[in-house]
Amino acid sequence: GAVVSQHPSRVICKSGTSVKIECRSLDFQATTMFWYRQFPKQSLMLMATSNEGSKATYEQGVEKDKFLINHASLTLSTLTVTSAHPEDSSFYICSARGQMNTEAFFGQGTRLTVV
Amino acid sequence: DAKTTQPNSMESNEEEPVHLPCNHSTISGTDYIHWYRQLPSQGPEYVIHGLTSNVNNRMASLAIAEDRKSSTLILHRATLRDAAVYYCILISGGSNYKLTFGKGTLLTVNP
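Just so you know, the sequences run in chain order B and S. For the first sequence, the numbering used here begins at 1 and goes up steadily by one. For the second sequence, the numbering used here begins at 1001 and goes up steadily by one.
The hints are simulated quantities; they were obtained by calculation from the structure and are not laboratory data.
Below 16 Å or equal to it, Euclidean Cα-Cα: the simulated EDC-like pairs (lysine to aspartate or glutamate) are:
1. S/K1098 <-> B/E103
2. B/K14 <-> B/E87
3. S/K1003 <-> S/D1031
4. B/K14 <-> B/D88
5. S/K1098 <-> B/E59
6. B/K55 <-> B/D65
All figures in this text were calculated on a predicted structure; none of them were measured in a lab.
Model the full structure from these sequences, guided by the hints.
Dropping the structure here:
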């Protein structure tokens, strides 16, 4: 299957700082990318959907000014958690879908710990 | 979004087949049936998808009921590496593509 690379896999940051997570589609053009958050023993929660070159569509309850999503190219999307707090500690996962695909491919996930 | 219903958990023995059920009685004509699985501390992995006909690939088989209101993911010979949470998801084939996850089925494989 297609490869989606997410970086970093693990990050620890201080409360109040910002963290950027990158998601790259390595062997296909991702017209749509999705960002999820997952708390322990829970399912994935969709945060936002982004299409290349346009603003992300955020799910209800997700603060767009706190979770900045940029999808500037067909192979790269970034999620920036701004002014992170301990409650933002979670497993963040991206996925990408090409225009000709009905399936989506997922990154390895980023474990964020805010101390 | 059309919803799916899956058992919370299932158990299997290694080397035996596993049938993971999924009910989706409100499926629409353009919805694809997708299956993903998530191993601990990893991102989900695509398993298989189908629309109306049964599908086979190297990982699994997907059996779709004639009325499309249910489907079954079949792992022909379970291994310990198949222990994961399996998600059955309906995705619209139209322009409104959205990939949202339910609770899935936690599959335990016993040695």
